[in-house]
Structures are given as C-alpha cells and as structure tokens.
Amino acid sequence: MTQTVPVPQGLPMERDAGPFDPPREITRLREARPVSPMVFPDGHEGWLVTGYDEVRQMMADTRFSSRQDIGILHVPYETGMPAPTEPSPPMPGMFVAMDPPDHGRLRKRLTGAFTVKRMKQLEEHIVEITERQLDAMANLTPPIDLVKEFALPVPSLVICELLGVPYADRESFQANSAQLMVRDQTLEEKMAAFIGMNTFLTELVTRKRETPGDDILSDLGRHEDLTIEELAGAAFLLLLAGHETTANMLALGTFALLEHPEQLAELRADAELLPGAVEELLRYLSVADIFFRYATEDLELGGETIPAGSTVIISLLAANRDPRRFENPDALDLHRNARGLLSFGHGIHQCLGQQLARIEMRAGFEGLLRRFPTLALAVPAEEVKLKTDMNIYGVHELPVTWTA
Numbered sequence: 385m386t387q388t389v390p391v392p393q394g395l396p397m398e399r400d401a402g403p404f405d406p407p408r409e410i411t412r413l414r415e416a417r418p419v420s421p422m423v424f425p426d427g428h429e430g431w432l433v434t435g436y437d438e439v440r441q442m443m444a445d446t447r448f449s450s451r452q453d454i455g456i457l458h459v460p461y462e463t464g465m466p467a468p469t470e471p472s473p474p475m476p477g478m479f480v481a482m483d484p485p486d487h488g489r490l491r492k493r494l495t496g497a498f499t500v501k502r503m504k505q506l507e508e509h510i511v512e513i514t515e516r517q518l519d520a521m522a523n524l525t526p527p528i529d530l531v532k533e534f535a536l537p538v539p540s541l542v543i544c545e546l547l548g549v550p551y552a553d554r555e556s557f558q559a560n561s562a563q564l565m566v567r568d569q570t571l572e573e574k575m576a577a578f579i580g581m582n583t584f585l586t587e588l589v590t591r592k593r594e595t596p597g598d599d600i601l602s603d604l605g606r607h608e609d610l611t612i613e614e615l616a617g618a619a620f621l622l623l624l625a626g627h628e629t630t631a632n633m634l635a636l637g638t639f640a641l642l643e644h645p646e647q648l649a650e651l652r653a654d655a656e657l658l659p660g661a662v663e664e665l666l667r668y669l670s671v672a673d674i675f676f677r678y679a680t681e682d683l684e685l686g687g688e689t690i691p692a693g694s695t696v697i698i699s700l701l702a703a704n705r706d707p708r709r710f711e712n713p714d715a716l717d718l719h720r721n722a723r724g725l726l727s728f729g730h731g732i733h734q735c736l737g738q739q740l741a742r743i744e745m746r747a748g749f750e751g752l753l754r755r756f757p758t759l760a761l762a763v764p765a766e767e768v769k770l771k772t773d774m775n776i777y778g779v780h781e782l783p784v785t786w787t788a
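Numbering (the numbering used here), first residue to last: 385 to 788.
Hints were generated in silico from the structure; no laboratory data involved. Please read all numbers here as calculations on a predicted model, not as lab measurements. In this text, a Cβ means the ideal position worked out from N, Cα and C, and glycines have one as well. Be aware that one or more of the hints could be misleading.
As the list claims (entries may be wrong) - The calculated label-pair distances, taken between Cβ atoms and stated as ranges, are: (1) Thr-590 to Glu-766: 16 to 24 Å; (2) Ser-556 to Glu-681: 41 to 49 Å; (3) Glu-415 to Val-763: 30 to 38 Å; (4) Ala-559 to Glu-594: 25 to 33 Å; (5) Glu-681 to Leu-657: 43 to 51 Å; (6) Met-575 to Gly-394: 34 to 42 Å; (7) Asp-682 to Asp-519: 54 to 62 Å; (8) Tyr-551 to Asn-721: 43 to 51 Å.
Take these sequences, add in the hints, and give me the full structure.
What follows is the structure in structure tokens.
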C-alpha cells in the first residue's frame with residue numbers, strides 16, 4: 385500500500401548524505417513511494433521515479449516519450465540544452481531526444497562505430513593515450529589538479545580522435561560544453577554556449593562531408609540522407625557525452641577510491657578486480673543521474689497512474705541504490721556483482737558509447753593506480769569542490785599529491 389508522504393516541491397538536489405550518496409529526501413521517497421508525485425518550480429505537477437524496477441520498466445516503455453516538444457516543461461538535463469518555459473522541437477540529430485522511428489533512423493547509423501568488437505580493437509590505442517597523459521602528469525610537481533591533468537584530457541583525446549575533431553580546438557568546446565552543463569544560469573548564457581558549440585560543429589561536419597577522413601563524423605557524412613543540421617546535432621551529442629561523463633567518472637571515481645582506502649588497497653593488490661570495480665563505481669556514483677520522459681497516454685507504473693502529458697523525472701542514482709535490487713547498496717563494494725546497473729540507461733536509449741567508457745575507465749584507473757602508488761588527496765575531503773551546480777555530477781577540481 386502506498387505510504388502517505390509529503391509531495392516534494394521541486395527535485396531534491398542537496399547532497400546532504402555525503403559526496404557520493406543521493407540526497408536523503410530522494411532516498412526517503414524511494415523507500416516510501418518509488419513513483420511519487422512532485423511539484424515543479426513553475427507550479428505544475430509531475431512525477432519522480434526512484435525505484436529500480438520502476439525506472440527499468442519506464443525506460444523500456446517508449447510510451448514514455450523522450451521528445452521534449454510534447455512535454456509540459458522543457459528541462460532536458462541529459463542534453464544540457466536551454467530550458468525555455470514552452471516545449472520546443474528537438475535539435476536535429478539529437479536522437480537521445482527522439483522516439484521511434486526518427487530515433488532508430490539516426491542511431492542505426494552509429495551502431496557499427498561503437499560495437500564491442502570495434503571498441504576492443506581500439507583498446508590498445510586507448511591505453512597508449514592514457515599512458516602518454518600519465519607520462520605528462522608524472523613530469524609535473526605535485527600537488528596537481530587531477531581533473532585538468534588527467535581525467536578530462538584522456539576522454540577528450542579519445543573522443544576527438546574517434547570523431548575527427550581537432551584536439552587543438554578543445555579549449556573552446558570544453559568551455560562551451562561545461563557551460564551547457566551548468567544547472568542554474570540565464571537562457572542567454574546557455575544559448576551563447578550552445579550557439580558557439582553548434583557553429584563549430586556545423587563548420588566541421590560540412591568540411592567532413594566535402595573532404596572525408598577516417599573517423600566517425602566522416603562516416604556519418606557519407607550518408608546523403610542525413611542533413612548538415614542532423615550531422616551537427618549528432619556530433620554535438622557524441623562530443624558532449626563522449627568526454628563529460630567519462631571525465632567525471634575518472635575524477636569522482638578516484639576521489640571515491642581515495643576515500644575508501646581498504647577497497648583501494650585491494651584493487652592495487654589484485655588487478656583482476658578492475659573490471660568489476662569499474663562496474664561498481666558506475667553503479668555507486670551514477671554521475672549522469674537525472675533524465676526526463678513524457679507520458680503520451682495514461683500509463684500505469686509502480687501502482688500509480690501517470691496521466692497523459694505528465695513530465696516524469698527518473699533518478700538513476702536512486703535506482704542504482706535500491707536495496708530491492710542491490711544488497712547494502714550504499715556501500716562501495718568492489719567485489720559486488722553490479723550486473724543490471726542502470727548507469728548507461730536502459731531500452732532503446734541505452735548509451736551507445738558504454739563499451740568505450742568502460743575501456744577508458746579501466747585504462748585510466750589501472751594506469752593511475754599503477755603509476756602513482758602513493759596518490760593521495762592534497763586537501764581535506766570536505767574541501768573538494770563538488771559539481772552540485774552541474775547536470776552531470778563530479779568534482780570541479782581534485783587536488784592530489786604523491787611521493788616520488
């Protein structure tokens with residue numbers, strides 16, 4: 385029987401339970417009512433889904449639409465796009481905000497680029513990129529910021545090479561993508577970053593179509609049924625997702641390991657723990673937490689009726705911490721079998737680049753722990769600047785040190 389609980393006024397966001405845990409209010413809501421009503425800041429009513437089974441069921445049901453032009457409130461955390469008060473059509477090529485058949489038409493063009501086989505072929509090269517960045521880091525005098533010197537450059541280098549984006553342009557696109565992730569900002573600020581990013585990528589894919597190379601964007605450009613606007617939109621999504629999430633996982637994951645020294649010592653002692661450790665960190669941290677869906681008809685979920693037109697928020701972090709699915713879920717346990725985690729989503733929108741992200745994290749954590757056996761925080765843990773102001777969670781900086 386559904387418990388009577390106060391309806392949250394807005395999405396609880398304060399990380400009051402610790403830097404790695406969901407807000408206490410989110411946990412309380414999951415325990416009491418995994419599908420609960422909530423009131424948005426503009427006063428309209430929607431729903432918050434926090435239970436593992438309910439989130440999984442919802443993400444597999446395309447009647448919960450990803451199209452932002454049918455929602456009451458346009459607040460797409462997952463794309464970092466501007467949030468006007470009226471619904472608006474999705475950006476061409478932004479297939480994460482599309483439903484079938486439009487979603488499938490674009491996504492199928494990319495599935496061959498991100499197969500498990502192709503990613504395994506790239507693994508050796510990704511390790512080389514990681515080792516070069518670790519060489520550069522080793523030549524620095526500690527303390528250093530791990531985000532700036534390692535966690536951000538590695539996935540940026542990898543995704544730039546895969547997509548065919550000049551790495552020399554990284555400062556511009558990294559600044560714009562970071563701005564797009566800021567939660568509370570003016571529409572003018574977000575639009576300026578969006579226009580800057582979109583202009584850069586439109587010019588790039590136009591050149592790729594005219595003079596293709598050996599990269600994913602050139603491959604996409606060979607499909608004449610895709611417009612320049614669609615190519616730019618797909619590039620926008622791939623570039624943004626391809627470095628922001630992995631960079632945050634590398635930095636926040638290192639922070640979590642340093643704060644769990646017994647787990648860290650076990651991982652250093654047994655390299656075979658690494659693949660499972662990556663899965664557990666993905667579950668435990670769930671940096672890409674909040675997603676939106678819109679009910680296209682009256683739908684039943686978790687014993688609740690979601691009226692047609694409702695805006696529904698999903699918390700992947702809450703779902704990945706659901707004790708109905710994972711035993712002792714708030715503990716970081718590198719021996720856990722985290723199979724079934726929802727960090728990459730579920731259903732037709734499950735992350736295309738998940739195998740790439742796993743390879744980058746395995747290479748990153750393995751190399752970092754091997755090359756820097758005395759790695760430690762250079763500041764007290766409470767002084768680490770958390771990305772509570774961003775739509776993808778992580779740390780703004782991670783000051784670390786080591787002994788020669």
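**Study point:** List of violated hint numbers, smallest to largest
**Key:** 1, 6, 8
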